[in-house]
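Whole structure, please, built from the sequences with the hints as guidance.
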Amino acid sequence: MEHHSRIVLFGAAFMVLASGAWAQDASTSPPEPAAEQQSVPFSAAGADTCLKCHDADKEVPVLPIFVTPHASRALDGSPFAEDAKQCETCHGASGEHGKRLRRGEERAPMFAFDPKHDAPAKIDGKCLTCHADSHRDDWEGGVHQRADVSCVACHDVHARRDPMMDPLAQNETCVGCHRQQLADIRKISAHPLRDGQMACNDCHASHGARDAAALLKRDTTNQLCFDCHADKRGPYLWEHAPVTEDCSTCHTPHGSNHRALLTRSAPLLCQSCHAQSGHPSVAFNTAGLPSGAPSAFLLARSCMNCHSQVHGSNHPSGSQLSR
Amino acid sequence: MNIDMQRLGTLLVLLGSLLVAPPSRGEDADAPADTPTDEPTAWTCSTCLYPVGWTGSYDVGADIAFGVTPWAGRYTGLYKNTVYPVLDANLLLLEEDGGRWEFIARDLGLDSRSLSLVHRRPGDHRYAVEYRAIPSLAAEGTRTPFAGVGSSTLTLPPGWVRGDATTDMTLLPGALQPVEIGTERERVGASATWFERRGFTTDLRAATETKRGTDPMGASLITRSTILPEPVDQVTDSFEAGLGYKTGPWNVEARYRLATFRNAVESVTWDVPFTALNPAATQGRMALAPDNDFQQFGVDGSWRGAGGLKLNASVSIGQGSQDAALLPTSITPGLAIALPRATAAMDVDTTLAYLRASWPVSHDLALRGELRYDERDATAPLDLFPQVVTDTYLAPSRSSVVNDYAKTLARIEGDWRFSDLRLLVRGQRLITDRDQGSVARNDEDSISAELRGPMFGVLEGSLEVAHDRRGASPFVPLAGPAPQNPALRYTNMAPMQRDRWSASISAAPSERVSFELRIDGRIEDYAATEVGLTDHDDTGFGADLNWIAAEDIAVALYFQHQTLGYQQAGSQGFAAADWSALSEDATDAVGLELDAPYLTENLGLRAELALTESSGQVDVTTGSVDSFPEVSSHLMLIRIEGRLRISERYTLLLGWRHERFDSSDWAITGVAPDTVPGVLGLGEIDPNYEMDIFELTLHITL
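Chains as they are written, first to last, in the numbering used here: chain A, 2 to 324; chain B, 18 to 719.
FYI, nobody ran anything at the bench for these hints, they're computed from the structure. We put the beta carbon where it would ideally sit given N, CA and C, even for glycine. It is possible that part of the hints are untrue.
Stated by the list, open to error - So the derived label-pair ranges between C-beta atoms look like this: (1) Ala427/B to Val61/A: 44 to 52 angstroms; (2) Glu173/A to Ala223/B: 28 to 36 angstroms; (3) Glu173/A to Leu108/B: 50 to 58 angstroms; (4) Ala281/B to Pro116/A: 47 to 55 angstroms; (5) Pro116/A to Leu108/B: 31 to 39 angstroms; (6) Gly279/A to Gln634/B: 50 to 58 angstroms; (7) Pro116/A to Gln634/B: 24 to 32 angstroms; (8) Leu609/B to Ala154/A: 16 to 24 angstroms.
What the hints assert, rightly or not - Listed next, the in silico DSS-like pairs over lysine-lysine satisfying Cα-Cα at most 27 angstroms (straight line): (9) Lys424/B to Lys233/A; (10) Lys53/A to Lys100/A; (11) Lys424/B to Lys218/A; (12) Lys123/A to Lys100/A; (13) Lys218/A to Lys117/A; (14) Lys218/A to Lys233/A.
Quick look at the structure:
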């Protein structure tokens with residue numbers, strides 16, 4: 002493909018998108034918080050009403066929210082900004098919930114962001130009222146949205162620091178549902194997720210991505226892998242075709258019973274695709290183990306004892322990926 | 018790839034026509050349906066804290082380690098039985114105007130340490146600098162006779178006695194020295210974001226990451242090989258810029274990314290320890306990963322229309338290049354043949370375009386559709402390169418080959434809700450075209466249906482079934498001096514049919530108890546493959562039980578099992594299949610967690626017991642079945658953490674972590690550097706350890 006044609010196409014697409022955007026009336030004011038149904042009144046005194054009960058108690062510890070942006074008086078757009086509805090910006094008008102009860106009267110419910118009682122779409126809608134930026138632009142249609150995973154299933158806005166901001170706590174949250182990944186990261190070969198040296202969101206965009214199924218942060222699997230493994234990116238003089246197409250042809254991302262996150266160990270993995278004249282697909286057996294006649298095709302790095310440059314070679318004599 | 022050009026053009030026209038459609042005005046999907054009439058005009062809050070100044074906490078203490086091994090600390094640096102300082106911090110400086118400084122430090126006493134300093138004023142800006150280091154040990158117990166580890170030249174001891182086999186190398190036993198095979202990454206990054214200024218959001222990010230150390234690398238001379246400690250001294254730099262604009266129903270972002278990779282070691286030269294077929298081949302030389310650059314421009318956009326219609330679109334083009342100077346054909350005297358060009362001169366263009374529409378047709382029905390186009394288009398002079406096989410002899414020249422592909426995906430999905438049930442139906446077609454290689458085209462069709470909803474009044478259930486079918490254009494075996502067996506089919510390109518299913522049930526019989534049972538599986542059938550992978554299956558099942566045992570005491574119990582099976586066939590005679598192999602991996606993970614943050618007013622407790630067992634079995638059948646020893650790894654983890662609150666400001670953290678890890682892999686078990694006559698190895702050993710770490714830390718709140 003000629004590069005200038007691609008640039009023209011790119012430019013055309015850009016203009017289409019940009020012209021649409023610029024055609025709109027600019028509006029920089031933050032969105033108004035959603036209000037509740039007309040029939041429910043607001044509380045008498047806002048947060049002062051709420052904090053009479055919801056103070057430092059351990060059942061609903063809300064006070065740490067005051068060190069977070071969600072309860073900043075000085076920030077425009079904060080639920081606690083001047084003229085904002087404080088707690089009721091998010092929880093909705095809660096006058097009924099907060100009123101003094103008569104003997105035997107049950108306290109009226111409020112919108113508590115409780116996935117047991119509140120629809121995920123309603124919870125998400127509250128959050129997205131303010132947080133619908135480009136990083137959450139692919140939320141609709143993503144696997145989490147389709148599976149009714151709401152924002153509060155992972156995030157805690159009342160905490161001093163949202164656990165999802167800490168790599169270890171984030172990983173523990175994710176594997177709370179993704180149990181197979183929990184088992185994977187404890188295998189002998191795994192990315193360093195178990196103790197939080199890496200976080201799930203180093204690779205995944207949990208709020209939605211152009212790859213709607215795997216929620217990858219980059220456009221393709223390979224582009225994502227090359228972020229940290231740029232030495233594999235090439236292009237190489239001698240390429241290994243499956244490497245250029247999809248790293249996951251040979252590797253599994255979360256954990257493996259085999260070294261280097263390989264889906265299987267060599268030589269069988271390599272023999273899935275290689276059976277050449279002069280270097281046939283030999284059935285290596287246990288006779289090649291140390292107790293027998295130790296085989297160079299089987300032990301140590303197996304096929305990679307010789308074909309070490311499986312990700313590509315830049316040596317002029319490297320067509321067999323051995324240099 | 019003219020056909021790809023047409024396809025891309027079609028996609029863009031479609032994309033453009035949808036996006037230029039006039040947005041409906043006066044309708045906002047987010048607008049509330051009802052507005053209260055008695056909204057307060059002004060609330061003051063006398064009980065709100067609104068703190069200003071320093072807040073946060075820091076941890077000071079010690080980890081005392083017993084029984085650790087290099088593998089136990091492969092990602093942390095907890096290598097030795099000693100005392101490691103605990104230095105963590107989570108400090109905030111809150112400013113009057115809502116701005117905030119955030120300083121996070123983690124594991125400063127370990128090699129896996131991280132620091133970040135952020136100043137942000139949400140809605141206005143965010144500035145951050147970050148540092149992160151991660152060690153990574155690749156193998157344990159490794160030894161090598163080579164000197165110069167870490168450099169580009171690996172030399173054998175003076176007077177080295179070469180041999181045809183490792184047992185003939187009489188100086189080897191005395192020359193072996195411990196060598197660490199592992200790397201350390203250090204990443205420094207900075208970013209700045211300015212939010213929604215006149216509708217624009219600007220985002221700048223830059224990072225540099227160094228990776229230094231050694232990796233294991235096989236280096237062969239015909240039928241003899243040496244596993245070398247490959248020197249690693251690499252730097253990856255990246256820069257990203259984004260300019261977003263948001264107004265009304267539109268959200269548009271233009272972005273640019275540049276990533277460069279620089280390798281300080283272009284090649285490694287080593288003394289050949291074996292007796293070479295070519296007496297002049299006393300050294301070998303391996304090319305290491307070349308410097309490369311990648312840059313990408315992209316525009317993303319979304320538009321929210323009437324009735325909740327949402328369109329997302331993205332177009333990005335990228336270019337990768339690599340023009341490293343090429344090494345001579347061989348380091349062996351007399352085998353340095355003139356090259357057709359001096360540098361690699363490789364370029365790759367990438368194109369990705371996608372369009373996704375999400376349309377809630379009604380309260381009960383939502384439709385989603387997606388088009389995606391992903392192309393890799395490589396360009397390089399197709400020259401004939403003389404081939405010196407492993408620095409030993411001259412072989413016929415080979416033409417360099419580049420790999421192109423174009424993948425086009427179309428997906429449509431319906432999401433129906435009727436009564437309490439939800440039905441998701443999805444259809445998808447993926448077409449992969451290739452300019453080179455044995456399979457020019459794959460077509461993969463998928464269809465799936467998922468039903469979710471309440472069952473029998475108390476249960477929530479889901480059931481998903483799916484079927485995929487991949488077709489392939491005729492297989493063209495690679496020709497040349499070593500042709501591929503025509504009976505072979507490449508796993509990732511072979512015709513294949515796949516059935517997938519998953520099911521789960523969950524329930525919360527009381528406010529205190531909930532559970533989930535789940536099962537999933539898939540079976541892949543490569544019916545057209547005679548040599549290669551013929552069958553693959555993946556079965557998993559698991560269970561979760563959550564129990565609120567008492568106020569502030571939560572107990573969780575989980576179990577997960579997975580079995581992966583692969584059946585393949587091979588041909589030893591370059592003809593029909595004459596052997597088969599079955600490899601099967603199984604993993605079981607079980608865990609018990611207890612979380613009691615307020616066991617008493619001042620005491621919190623958290624405990625975990627986790628067991629993970631993985632095993633791998635390989636059976637090779639050539640008339641009779643030959644079973645390999647089991648590949649296995651077992652991890653037992655016990656962790657108990659206590660929080661004893663001493664005062665408003667001080668909390669004592671007490672922890673005990675016990676880990677026992679056993680593993681065995683026949684590829685390395687009992688394989689010393691000289692075990693394989695034709696391979697001078699590193700003598701890697703199976704990782705096994707039983708460690709205890711005691712933590713005593715003071716958590717100080719500001």
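- Message: Taking the earlier hints as the rules, which of them does this structure contradict?
- Response: 3, 6, 7, 13
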